[in-house]
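Colleague: As you go down the protein sequences, you meet chains U and W in turn.
Just so we're aligned: the first sequence equals residues 1 to 286 in the working numbering.
Just so we're aligned: the second sequence equals residues 287 to 520 in the working numbering.
It is worth saying that the hints were derived from the structure and are not from the lab.
None of these values were measured; they are calculated from a predicted model.
Please note: incorrect hints may appear among the correct ones.
[Said to hold, decoys possible] Not the full set, but computed from the structure, chain U residues with beta-carbon under 10 Å of chain W: (1) 1; (2) 7; (3) 8; (4) 9; (5) 167; (6) 173; (7) 174; (8) 177; (9) 181; (10) 185; (11) 186.
Think of the CB as a built atom: it goes at the ideal place given N, C-alpha and C, for glycine as much as any other residue.
The lines below spell out each chain.
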Amino acid sequence: MAEFLQYTTNGLIAGSSYGLLALAMTLIYGILSVPNFALGGIYALGAFVAFYVVQWMGPGYYLFSIVPAVLIGMIIAIVTERLVFRPLYDAPHAAGFIAALGLYSILEGSWAILFDPTWRKIASPYNDIVLQLGPICLTMQRLIILVFCLLFALATYYLVYRTLTGKKIRAASENKSVAQLMGISPFTTTTMTFIVGCVLVMIAGVLDAPAALVGASMGLTPITKAFIVVALGGLGSVPGAIMGGLILGLGENYGAAYISSMYKDLFSYGLFIVVLLILPNGLYRR
Amino acid sequence: MINLQELNVYYGKSQALHDISISVRSGEIVALIGANGAGKTTVLKAISGLIPWSDGEITLNDQSLRGKKAERIAKMGIAHVPERGGIFGKMTVLENLEIGTVAGSQRKDLEQRFDKVFKLFPRLKERRSQLSSQLSGGERQMLAIGRAMMSDPQLYLLDEPTLGMSPLMVRHLANIVEEVRNQGGTILLVEQNARMALKISQRAYVLEIGRVTRQGASEELLQDEKIIKAYLGL
Ligand SMILES: Nc1ncnc2c1ncn2[C@@H]1O[C@H](COP(=O)(O)OP(=O)(O)O)[C@@H](O)[C@H]1O
Ligand SMILES: [Mg+2]
Chain U
1 MAEFLQYTTN GLIAGSSYGL LALAMTLIYG ILSVPNFALG GIYALGAFVA
51 FYVVQWMGPG YYLFSIVPAV LIGMIIAIVT ERLVFRPLYD APHAAGFIAA
101 LGLYSILEGS WAILFDPTWR KIASPYNDIV LQLGPICLTM QRLIILVFCL
151 LFALATYYLV YRTLTGKKIR AASENKSVAQ LMGISPFTTT TMTFIVGCVL
201 VMIAGVLDAP AALVGASMGL TPITKAFIVV ALGGLGSVPG AIMGGLILGL
251 GENYGAAYIS SMYKDLFSYG LFIVVLLILP NGLYRR
Chain W
287 MINLQELNVY YGKSQALHDI SISVRSGEIV ALIGANGAGK TTVLKAISGL
337 IPWSDGEITL NDQSLRGKKA ERIAKMGIAH VPERGGIFGK MTVLENLEIG
387 TVAGSQRKDL EQRFDKVFKL FPRLKERRSQ LSSQLSGGER QMLAIGRAMM
437 SDPQLYLLDE PTLGMSPLMV RHLANIVEEV RNQGGTILLV EQNARMALKI
487 SQRAYVLEIG RVTRQGASEE LLQDEKIIKA YLGL
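Okay, chain U solo, but in the shape it has when bound (with noise of 0.2 Å):
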């Protein structure tokens, strides 16, 4: 039982993870009917802001780290909305995807030559505290993952659901030339849909560093999970997204546990397509 408690936990903490990328792929994909593997790339540049912030700042100011990430996040939505995407609205969705591969391929080679290829390690203060919690143990790093995700998952979920943005952004995701009718510019936003989902995964970037190693092509696992998770949880679902990385994050712990942690991955692409065989349009229907 105290084993279960602990392996559901550790499920939890990656499935949050998980879900605040699958979120930020769910949205874009959305609004232009594109996965958008270019996250991937600005996942690393978040774990690389946390490298630094703490490298020139000092470990106290790790969490700070979000704020840069933010902003940075904010700028590379818009630049990448603006020279890679916007250009092929109109085209066939397959050269939005083809690229978004090459979007990611040139991110992940910039930070490769911007900060050199190595991996390292992030001394967050949190990873040396930890936590007995009846019989879960884990770190404070793992804690704060697992808070934050959760937080900024049901912050964008209040964002999507609750505000006119949001709003705006489910209409035009539903029917572009019918959200122009209601004076919606689809340019607009698919700029705020952007920004939203860049934000989302430069602060799991901030989030996900200290507990992995920080590197150029990072981000590349974690982003094709994403994607699986947001197939998982229906092409363009906001519930989905998030319950799906919760499964996934579940999944994998509990079979790496109890089959063998050889395959860990193995599980993720094996309940992806034992879930699609059995419902094609994921969990949530769109």
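Based on these hints, arrange chain W with the ligands on the given structure of chain U.
Modeller: Just chain W with the ligands now, with coordinates in the frame of chain U:
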């Protein structure tokens, strides 16, 4: 209010509209009737900016709509209610109505605006929290018109609001359209149901394969033998 002058519209190389001249004056209901494929929807899409045009002219209160984006035209006060309503099925009734305010000049007195719509459509009030995809065809059409009302537009473009409706619902929607006019609305009403459209409109245009072939007072067109044969099925 709105003026179309010798408008030509093309889909690629094929010409859908030929020298269309249509006008709607403030406070009028003007009907645009014609068979399936005549080009009625194309006229509305050209006005609201959903399809580009260059040959001819469209003006709203003497201001040209040439080259303006659809979202800009919506904000100038033209509310295009597309075929089948175009409601957002994944949003609730209330959210659809709220989206309707985006094109309006202000979003204050939101509750008052909801009430105005609910007064005309009590059925929507009962279903205000439901997802719009759960509405019946008639209710969707009501929601689409109600959503357009939320921005207080100068001009409504209604694309076949009674398409596929029961005779009872057709009569109900016809009353609604007249009521919208009574509250100060101006309406360009596209219909295949020519009898209803001619009954509630003051003037009408007949569209055939992209050309205006008849126009005049609706009362007179209602007496015209050819029109009766072609569109009223008598
Ligand atoms: N997107 C389009 N591309 C090419 N042709 C179109 C398109 N939409 C409509 N048309 C053609 O334009 C003509 C008028 O269509 P439409 O305006 O929809 O007629 P109506 O609304 O009167 O039924 C038809 O011949 C139709 O086939
Ligand atoms: Mg039509």
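Colleague: Hint check: is the beta carbon of residue 185/U less than 10 Å from a beta carbon of chain W?
Modeller: 5 Å, holds
Colleague: Min Cβ distance, residue 174/U to chain W: is it shorter than 10 Å?
Modeller: OK, holds: residue 174/U within 10 Å of chain W, min 5 Å.
Colleague: With chain W as the partner, please determine if residue 1/U meets the hint condition of a C-beta pair closer than 10 Å.
Modeller: 41 Å, violated
Colleague: Grab the minimum C-beta distance from residue 186/U to chain W and call the hint holds if it beats 10 Å, violated otherwise.
Modeller: Check passed: Cβ of residue 186/U comes within 8 Å of chain W, closer than 10 Å.
Colleague: Is the hint on residue 181/U kept, meaning its closest Cβ partner in chain W is under 10 Å away?
Modeller: At 5 Å from the nearest chain W Cβ, residue 181/U passes the 10 Å test, so the hint holds.
Colleague: Does residue 173/U hold up as a contact with chain W if the rule is Cβ-Cβ below 10 Å?
Modeller: 8 Å, holds
Colleague: Classify the hint on residue 177/U as holds or violated, based on whether any CB of chain W lies nearer than 10 Å to its CB.
Modeller: 6 Å, holds
Colleague: Checking hints one by one. Is residue 9/U an interface residue toward chain W, by the C-beta closer than 10 Å rule?
Modeller: 34 Å, violated
Colleague: Against chain W, is residue 8/U within 10 Å by beta-carbon distance?
Modeller: Violated: closest Cβ of chain W sits about 32 Å from residue 8/U, beyond 10 Å.
Colleague: Using the nearest Cβ pair, does residue 167/U come within less than 10 Å of chain W?
Modeller: 6 Å, holds
Colleague: Grab the minimum C-beta distance from residue 7/U to chain W and call the hint holds if it beats 10 Å, violated otherwise.
Modeller: 35 Å, violated
Of the hints listed earlier, those the structure fails to meet are numbers 1, 2, 3, 4, in rising order.
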